[in-house]
Amino acid sequence: MHLLTADTAMAAEWADRRAQIDADGLAQMATEVRRSVVTMVDRAGLGHIGGDLSVTDILVTLFGAVLDVDPTDPSRDDRDRFILSKGHCAGALYATLASCGFFSRDELETFMAPLSALNGHPNRTKVPGVETNTGPLGHGFPVGVGCALAARLRGLTYRTFVVMGDGELQEGSNWEAAMTAAHYDLDNLTAIVDRNRLQQGATTADTKELEPLPDKWAAFGFEVRVIDGHDYTQLLEAFQPSTTGRPVAVIANTIKGKGVSFMEDRVEWHHNVPSPEQVQIALQELQS
Amino acid sequence: MIFPLASDAQTYDCRKAFADTLIELARTDERIVAVCNDSVGSSNLVGFRQEFPDRLINVGIAEQDLVGVGAGLANGGLIPFVSAAAPFLTGRALEQIKADVAYSDTHVILCGQSPGVAYGELGPTHHSIEDLSWTRAIDNLNVLVPADPTQTRAAVRWAVENPGPLYLRVPRFKVPEVTPENAPLQPGQAVLVTDGDDVTIVAVGTMVSRALEAAEKLRGDGISARVLNMPFVDPLDEATVLQAARETRGIVTVEEAITTGGLGAAVAGLVAQHQPVAMRILGITGFAHTGDAGYLLDHFGLTPDGIASAAHELA
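Chain order of the listed sequences is A and B.
Here the numbering used here runs 5 ahead of the position in the first sequence, where the first position is 1.
Here the numbering used here runs 133 ahead of the position in the second sequence, where the first position is 1.
Among the hints, erroneous ones may be present.
Partner residues aside, some chain A positions facing chain B, computed with beta carbon under 8 Å [stated by the list, open to error]:
| hint | residue |
| --- | --- |
| 1 | Asp73 |
| 2 | Val74 |
| 3 | Arg84 |
| 4 | Thr137 |
| 5 | Pro147 |
| 6 | Leu158 |
The following residues of chain A were derived to be distant from chain B, with all beta-carbon distances above 10 Å [said to hold, decoys possible]:
| hint | residue |
| --- | --- |
| 7 | Thr36 |
| 8 | Asp78 |
| 9 | Glu112 |
| 10 | Asn138 |
| 11 | Glu181 |
| 12 | Gln205 |
| 13 | Leu218 |
| 14 | Glu273 |
When the alpha-carbon atoms are kept at most 20 Å apart in a straight line, the in silico SDA-like pairs for lysine to any residue are as follows [what the hints assert, rightly or not]:
| hint | chain 1 | residue 1 | chain 2 | residue 2 |
| --- | --- | --- | --- | --- |
| 15 | A | Lys131 | B | Gly297 |
| 16 | A | Lys131 | A | Asp111 |
| 17 | A | Lys131 | B | Asp272 |
| 18 | A | Lys131 | B | Asp238 |
Please keep in mind that the hints were generated in silico from the structure rather than gathered at the bench.
Owing to the predicted nature of the structure, the values given are computational and were not obtained by experimental measurement.
Don't be surprised by glycine CBs; every beta carbon is placed ideally from N, CA and C.
Model the full structure from these sequences, guided by the hints.
So, in structure tokens, the structure goes:
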């Protein structure tokens with residue numbers, strides 16, 4: 006295995022693109038990421054394609070327009086922190102990071118292949134741009150709270166964003182962390198829920214009801230923003246800093262499998278792998 | 134090198150050495166923070182809080198959050214001492230220790246307080262006898278168990294100076310000093326407490342002073358016992374263990390922990406493959422009866438007499 010390093014040409018291109026990005030630009034980047042995800046899952050014969058496609062617009066908006074990060078200096082002390090707590094959607098994260106030049110797009114071809122740095126769940130020691138190793142659910146948010154606390158203690162202005170799946174909120178550790186974030190008034194922290202309403206085997210409602218979800222976050226002391234998680238204008242607005250001195254919870258209503266008609270809102274596409282014919286249909290549908 | 138124990142030797146709770154050293158280092162290194170789970174008192178962090186109120190983070194009774202927050206603080210450039218009663222730190226947050234600390238390779242110092250049977254009468258829910266087995270099974274996690282206040286001070290300093298995941302088991306059951314002031318403390322390096330060539334006793338933490346007393350008793354019986362203090366249960370000092378296996382007739386291991394998976398298992402796994410030798414593994418053998426810590430250590434034979442008796446069988 007070799008260490009991944011920045012694709013400096015791609016990083017420069019991303020920086021130029023980012024300087025003038027708008028909703029159309031984000032949409033184009035999202036399509037590129039979704040096409041990469043379909044191709045990666047096809048090649049690997051594995052992956053969590055439904056959640057990858059639901060979280061894509063969140064990731065693209067963050068990396069395309071919000072996060073203060075530098076792909077050529079991914080460990081910069083005062084970088085914004087981004088944590089994908091729903092680590093099983095590593096495919097979408099890798100495609101997004103490659104789009105920004107954190108590493109070469111060619112590396113995406115190794116997704117989940119033997120000795121690849123691109124494991125089925127993200128690894129910070131192998132992949133630049135990854136802050137903590139996630140995979141088991143309910144881990145990313147407490148770590149994000151720690152990142153935000155460190156900024157506070159050190160007088161740094163970086164922000165921390167954590168994306169969680171909605172099913173993941175059934176893990177109690179998230180609510181422990183929410184209490185800590187509110188107790189310390191971490192207004193530099195944004196929790197984002199990819200609210201696609203499906204988990205591995207069924208709807209969240211049938212598995213263990215999460216609603217009233219906005220009320221729960223509000224009761225835990227968060228400034229709550231409920232948005233359409235595929236609307237870039239709403240995403241950009243939702244990722245603005247806190248206005249209340251409290252941590253922010255963004256409940257991004259999304260569609261699992263977004264962008265591929267036969268996958269959308271279908272529970273079986275949590276981790277189904279498309280047939281060659283389905284891959285072709287998906288790629289046809291995913292056109293800029 | 135012999136450090137004989139006076140029968141009236143003064144004994145110490147190592148938590149004070151832990152807390153005093155932490156405060157001392159924090160005065161000059163502002164990266165150091167303490168994180169606890171409503172355990173300010175039991176982790177002996179009252180003084181730290183008085184001196185550095187902003188650098189004592191109390192996440193409340195929430196161990197998963199505790200360890201995750203610690204990993205995040207390390208990500209943010211700080212050096213967190215994540216401190217909690219050992220049974221809850223390691224049991225409740227084991228997956229966080231694995232994923233957020235060890236696998237993520239973060240500089241988090243996990244401080245297991247009141248380990249072993251220190252909580253005595255409170256019972257097996259509060260005993261931390263499994264922690265050495267659990268932490269030793271996790272890759273990229275050093276496991277450090279000081280034997281006395283001197284080694285505890287050295288351990289805290291080592292933890293700050295050496296970035297990487299660490300489980301630091303802080304003894305509570307009172308022990309006498311057995312470590313010379315300038316004894317080295319390095320991963321994979323045992324401390325020879327007393328030399329001998331009939332039998333070897335490998336001890337850790339609160340058991341080191343008892344092993345030394347056992348060696349004194351054995352000497353009276355004409356048996357020359359080598360005593361090794363093994364502060365790093367992981368990584369083990371393999372060379373020194375194998376040397377003992379070659380040079381003495383048997384190895385007794387002794388730890389304030391369950392006998393399945395800790396120091397004894399580590400030594401047995403090593404010698405079984407490379408230098409088979411007769412062994413006795415002393416420790417806690419199961420959920421304990423009600424009783425104070427001293428009673429329980431006696432009950433499980435973790436006494437100078439119990440250790441000497443096991444050594445007799447091999448010598």
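**Asked** Which hints, by number, does the structure contradict?
**Response** 1, 2, 3, 10, 11
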